[in-house]
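A.B. asks: Each chain, letter by letter, is given below.
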Amino acid sequence: MIEIKELKKAFGDLSVLKGMNLTIPSGQATGIVGPNGAGKTTLIKTILGLVKADSGVISINGKSLNGDWLYRRNIGYMPQVARYPENMKVYELLNFIKGLRDQDAVYEEELIEQFALQTELEKPLRTLSGGNRQKIGATLAMMFNPDILFFDEPTAGLDPRSSHKFKQRVKDEKADGKTVIITSHIMSELEQLVDYVIFILDGNIRYYGSMKDLLSESKEDRLEAAIARMMDRDSSEKPGIKNENSLKSGQAVPH
Amino acid sequence: MKLLNHIIQNEWKTLIRGKWVIGYGLIFLFLTDSLLRFGGGGSETLLSISNVMLLFIPLVGMIYGILYIYQSREFVELLLTQPIDRKVLYWGLYLGIATPLMAAFIVGAMLPLIWHGVFAFEVVSSAMVLGLGGVLTLIFVALGFVLGLAFYEDRIKGFGFTIVIWLFMAILYDGLILMVVFMFGDYPMEQFVIAVTMFNPIDLARIMVMLEFDISALMGYTGAVFNRFFGTSTGILTASGMLALWMAVPMWVGLRVFRKKDF
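Chains as they are written, first to last, in the working numbering: chain A, 18 to 272; chain B, 51 to 313.
Derived by calculation from the structure, the hints in this document are not laboratory data.
Where a beta carbon is used, it is the ideal one built from N, C-alpha and C, also for glycine.
With the Cβ distance kept under 10 Å, some of the chain A side facing chain B (calculated, not the full set):
| # | residue |
| --- | --- |
| 1 | F28 |
| 2 | L65 |
| 3 | G66 |
| 4 | L67 |
| 5 | R89 |
| 6 | Y94 |
| 7 | R100 |
| 8 | Y101 |
| 9 | P102 |
| 10 | M105 |
| 11 | D119 |
| 12 | Q120 |
| 13 | P141 |
Full structure from sequences and hints, please.
C.D. replies: Here it is as structure tokens:
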């Protein structure tokens with residue numbers, strides 16, 4: 018379970034997270050959406066410890082993060098941009114990360130086979146295509162069997178076949194009871210993969226609830242249309258006046 | 051400790067495969083060899099080597115450090131999401147790239163000194179030149195790291211500062227001090243000159259070489275004052291103490307920035 022209370026972060030004068038409250042229960046598959054610069058990546062990076070929050074509390078499985086790094090043993094993260102040292106070979110990268118984590122890479126072979134990476138293992142990383150590098154990133158995220166998985170724009174560079182395999186794998190992880198968190202601009206992908214949606218706008222949570230409710234509330238049958246409508250409505254509203262079924266950040270729990 | 055070794059070894063492997071460091075070592079090998087062949091050998095050659103070293107090691111070290119930060123951005127970010135302490139990661143990355151560069155210089159310059167028989171003759175002086183090169187490498191790679199982390203988003207600024215700092219420390223420093231002293235010639239300036247010398251590791255290294263070889267004519271203004279003020283042995287001791295401090299400070303600043311930074 019991930020609990021976030023009053024999380025604030027500003028970069029210089031630009032306040033990116035404005036007192037965010039959020040609870041993501043264990044085993045929930047959640048999609049984070051929102052326009053560019055809304056704070057999605059900052060939110061994820063803060064949970065991962067890449068960005069240090071100005072104030073607020075983040076706790077994972079009931080333990081609040083205070084400079085301790087061991088909590089990341091339970092987390093797998095697949096970054097949006099996968100760039101690795103050019104001369105390193107794929108198997109060396111895998112071994113390197115295994116040595117860093119000192120955990121059993123239970124799914125290593127399974128994932129390599131699933132993503133058809135066997136032929137790439139001996140190649141230096143600079144010769145790999147973008148898609149294959151993404152797949153390496155996905156393998157690194159999932160091979161230690163962590164409870165919480167973060168995917169940042171996971172399928173952006175994947176061909177249809179790999180993308181399909183990836184989604185299949187994420188569904189399996191979900192069925193296995195993992196907490197899955199995905200950011201994406203591809204709404205159809207989120208429709209397939211997640212049950213809950215967090216819509217972040219301007220550093221606050223604008224909507225947090227199940228996909229089903231969102232669709233029925235907005236009377237749309239596609240997520241893309243529902244989100245677009247919400248964004249339109251916000252831009253036509255005067256700032257400060259919130260729509261009644263928009264959640265104030267204080268009550269952000271899934272309904 | 052095991053983790054630290056793991057990171058360092060990994061950096062070594064990728065660096066050696068990049069061949070860049072080997073080329074750097076070879077440059078010093080050929081340079082030293084040809085200086086020894088044509089320069090007559092002995093202390094003059096060691097002086098020439100130290101002149102080249104004082105000029106280039108700081109530049110190469112800083113560029114190397116900053117380039118590493120810029121090139122490995124995504125990789126470092128990925129490593130930061132792994133369950134490891136930032137402190138361990140910092141030392142792993144820093145030592146992993148600074149030590150091969152240091153070794154490349156030391157080995158590259160030492161081999162010709164050995165096979166031309168200079169090393170056996172002038173053990174202390176040779177060891178001092180090689181050691182100073184190593185220390186300067188450590189200092190300036192750390193400075194490059196600090197600059198890279200401080201100007202993480204703005205590479206142009208980062209490289210700009212690198213070049214300016216190098217120009218200032220390696221080339222302009224002594225001249226600027228001389229100018230100031232010339233302008234305020236009526237006042238006692240010795241202590242001031244000693245104090246400002248401490249702020250430049252390249253100057254400190256240069257003074258140490260000059261004191262060791264006892265050539266006051268080539269010492270430059272700061273070196274001459276230094277010599278008069280401290281004498282040879284105290285001078286060398288003071289300068290090495292300051293250099294040790296110079297090693298510690300950039301490394302420590304880099305560590306602090308690295309630990310607090312938002313990636």
